[in-house]
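Use the sequences and the hints to build the structure in full.
Numbering (this note's numbering), first residue to last: 1 to 137.
No wet-lab data here; the hints were simulated from the structure. We put the CB at the ideal spot given by N, CA and C, even for glycine. Among these hints, one or two may not hold up.
Stated by the list, open to error - Across the chosen pairs, the derived CB separations fall in these ranges:
{"no.": "1", "residue 1": "4", "residue 2": "62", "range": "35 to 45 angstroms"}
{"no.": "2", "residue 1": "3", "residue 2": "49", "range": "38 to 48 angstroms"}
{"no.": "3", "residue 1": "57", "residue 2": "80", "range": "32 to 42 angstroms"}
{"no.": "4", "residue 1": "29", "residue 2": "49", "range": "37 to 47 angstroms"}
{"no.": "5", "residue 1": "5", "residue 2": "123", "range": "15 to 25 angstroms"}
{"no.": "6", "residue 1": "115", "residue 2": "30", "range": "34 to 44 angstroms"}
{"no.": "7", "residue 1": "116", "residue 2": "94", "range": "17 to 27 angstroms"}
Stated by the list, open to error - Here are the simulated DSS-like cross-link-like pairs (lysine-lysine), alpha carbons at most 30 angstroms apart as the crow flies:
{"no.": "8", "residue 1": "118", "residue 2": "129"}
{"no.": "9", "residue 1": "118", "residue 2": "102"}
{"no.": "10", "residue 1": "4", "residue 2": "129"}
{"no.": "11", "residue 1": "121", "residue 2": "102"}
{"no.": "12", "residue 1": "118", "residue 2": "49"}
{"no.": "13", "residue 1": "4", "residue 2": "49"}
{"no.": "14", "residue 1": "50", "residue 2": "4"}
{"no.": "15", "residue 1": "4", "residue 2": "121"}
{"no.": "16", "residue 1": "102", "residue 2": "129"}
{"no.": "17", "residue 1": "118", "residue 2": "50"}
{"no.": "18", "residue 1": "118", "residue 2": "4"}
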Amino acid sequence: MGEKWRVAIEQPVALKDGIRPYQIVTINDENGVSLNTSGTYHHNFKDGKKDYSHILDPRTGAPITHDLVSASVFGTNPVEGDAWATTMLCLGPDEGKAVANKESLPVYYIQDVNDAFKNSKSNALIHDKNITLSQQK
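Structure (structure tokens):
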């Protein structure tokens, strides 16, 4: 058997010189998993000091305004994973994590807190043996 599959969750900032990996994901499950990420950092604009995302919160019809910049959902169905990733981003870090924990969804979150990244995981991702996350150096 060969090496485990490794993919990267990209660094959640718009870079002039391309995309950089932020978190390396090693897939330990021989059957594979799906990985869907929604983020606010590619399609947005700044009005003064306020950032506006292309992701609209369906509850308000307005762009999201919280500090969650990336939500990655692991699973077996990429269509559901895509919907959940966008949902997690709309809900934000606190409400999103509560829903993910209730639904046993493995989710990886990246928040931009005062221009520094803060990572967190849902309970299901903390206990998932099929996925290993390692910080890019």
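Decide if the proposed pair is consistent with the structure: residue 118 and residue 102, CA atoms, cutoff 30 angstroms inclusive. holds, 22 angstroms
Please work out if residue 118 and residue 129 have their alpha carbons no farther apart than 30 angstroms. holds, 22 angstroms
Going straight from one Cα to the other, do residue 118 and residue 4 come out at no more than 30 angstroms? Given pair residue 118, residue 4 holds - Cα atoms ~27 angstroms apart, limit 30 angstroms.
Restraint check for residue 50 with residue 4, where alpha carbons must lie at most 30 angstroms apart: violated, 41 angstroms
Outcome for the supplied range 38 to 48 angstroms, where the beta carbon pair is residue 3 and residue 49: holds, 45 angstroms
Is the straight-line distance between the alpha-carbon of residue 4 and that of residue 121 30 angstroms or less? holds, 22 angstroms
Next pair to validate is residue 4 with residue 49; report whether the Cα-Cα distance is within 30 angstroms. The hint is violated at about 42 angstroms.
Within 15 to 25 angstroms: is that where the Cβ-Cβ distance between residue 5 and residue 123 falls? Given range 15 to 25 angstroms: holds, Cβ gap about 24 angstroms.
Does residue 129 sit within 30 angstroms of residue 102, going by the straight-line distance between their CA atoms? holds, 19 angstroms
Does residue 129 sit within 30 angstroms of residue 4, going by the straight-line distance between their CA atoms? Since the Cα atoms of residue 4 and residue 129 sit roughly 13 angstroms apart, the hinted pair holds (cutoff 30 angstroms).
At the C-beta level, are residue 57 and residue 80 separated by a distance inside 32 to 42 angstroms? violated, 20 angstroms
37 to 47 angstroms was suggested as the range; check whether the CB atoms of residue 29 and residue 49 agree with it. holds, 43 angstroms
Checked against the numbered hints above, the structure breaks hints 3, 13, 14 and satisfies the rest.
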